[in-house]
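Chain A is fixed; fit chain B onto it per the hints.
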Amino acid sequence: MPIISLKGLAKTYRTGHVALQPTDLDIEKGEIFALLGPNGAGKTTLISIVCGTVTASGGEALVDGHDIRRDYRAARSMIGLVPQEISLDIFMTVWNSVRLSRGLFGRAADPAYLEQLLRDLSLWDKRDAKVIELSGGMKRRVMIAKALSHEPDILFLDEPTAGVDVSLRRDMWALVRKLRDKGTTIILTTHYIEEAEEMADRVGVIDKGRLMLVERTEDLMHKLGKRQLTLSLPSPLEAVPAALADWPLELADGGNRLVYSFDSHAEDNGMPALLKRLDELGIGFSDLDTSRSSLEDIFVGLVEQQA
Amino acid sequence: MSARGFNAVGVWSIYRTEMARMVRTVWQSIATPVITTALYFIVFGGAIGSRMQHVGGVGYGAFIVPGLVMLSLLTQSISNASIAIYFPKFTRTVFEILSAPISPGEAVLAYVGAAATKSIILALIILVTATFFVHLEIQHPLWMIAFLVLTAVAFALFGFIIGIWAENFEQLAIVPSLVITPLTFLGGAFYSIDMLPQPWRTVSLFNPVVYLVSGFRWSFYGLGDVGVEKSLIFTILFIGLCLGLLVWIFRTGYRLKP
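These protein sequence lines are chains A and B, in that order.
Number 265 in the working numbering belongs to position 265 of the first sequence; there are no gaps in the numbering.
Here the working numbering = 1-based position in the second sequence + 1000.
Chain A on its own, in the form it takes in the complex:
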């Protein structure tokens, strides 16, 4: 049985704005699932419905078989939510804030667990500090600690790394891996393709309230993850030399740039051979730049595929 099962889940706000079109989605226990999409795509709406902060206007959602409306206690008990925005009672101490969260979920006090949690998040030294005294990054750690305070089976992370510094991002990923090893299911939203690629077992691409596809991360990257190598040429070329016909090359910028598109996940991406051949042909380059397909490129690709 999937740990989360959505059937025709939909949301139209009172303003008439359709935030989520009828959506079916199953998420398996223990997987890391990334919802990938631009701002306003409906990612937050989807997870807010499952977590109970937004009411669905249609369809149903089951959490480990519990309906989120009829059996909300059982459903919500399993879920921890880290929302996108930092929202904390800034006058409470870190310890009291985390302790309150655990209590709200009906769990008996467990100071040893909370201590370990705060240590894992580098918050233990700050346990008696008021939230208002903490830096932005520390506040975000408190948000995570609160979400994990009741030992949830499912963790929702809404844009976990938006505006987060490198050390916190690293700690967060370490924590996510540790949670996954314990069997926790993790659902994260992001608009960074790298993030989905790096962390997720499966990716759901969502745009304009529509879940466009759900695939294993490597399959999606294989299909859509194109990279480009751009070489700046010291003297412009009129046409791509015939000797380079083995590579799908294009000229750009009036022949001043040579662009090579390749599959970033192929075992042999052809780049070393191309550079060697250019050298043999005596075509030099003054600069070299690689880029990968952006989220926008992927959407364009998807729309073209589905059209």
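It is worth saying that the hints were derived from the structure and are not from the lab.
Warning: the hint list may mix true and false statements.
[Unchecked claim] Taking lysine to aspartate or glutamate pairs in the EDC-like style, the calculated list, with each CA pair at most 20 Å apart, reads:
(1) B:K1089 to A:E85
(2) B:K1089 to A:D89
(3) A:K130 to B:E1018
(4) A:K29 to A:E215
Just chain B, lined up with the frame of chain A:
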């Protein structure tokens, strides 16, 4: 916790956090109303009261005590409960309550319970303060406690509704200052409505606060503007009305859950 039980730990966690807030802001919570009440005693009880006749056999200073306690009880119950729910809405921390396995009834119990507890503690402090100024007798102490609790709960519920309804701080302040303060001042806190000329005496009978003050005063001195059973029925009706409104609010998700 069982799937369909009562989340007692959750209710207690909210209650304890709310009560801790009172301790944290002990000066605003307690000192301000106590000082305000002392000022009322000096002005109305001391300066003006010394020139006033007894009302129904009770000295004017003592006569106004139940009204003053009610005045604080009403305003504090409303402000405690409205801020308790408005503040999480404002800071968006309310998401945590909405996503927790807590029923609306449990959330109301915790927030309203804490708000009522605070205002009852405050009312008792004011009563103790009053004994420094006037001689107090309480004929029906159990009824006094009952009116104290029922009124605190009723207006904490009302405040909770205001807190959910309010979309900014102005709205949060407007109902207490434009509706509740006039009603309490005209509710017989400082006079017996017998003192009013007609038609104001009849008009006053439409003021709900008259029934609260009257019932409360009856528990002290055995005299009231209206019968004690009317006071009791009115208070319970008001609680019922607020609960009904809250049921509607949670059914529709009004201003809490889009």
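>> Of all the hints numbered above, which does this structure not satisfy? Sort the numbers upward.
In response: No hint contradicted; all consistent.
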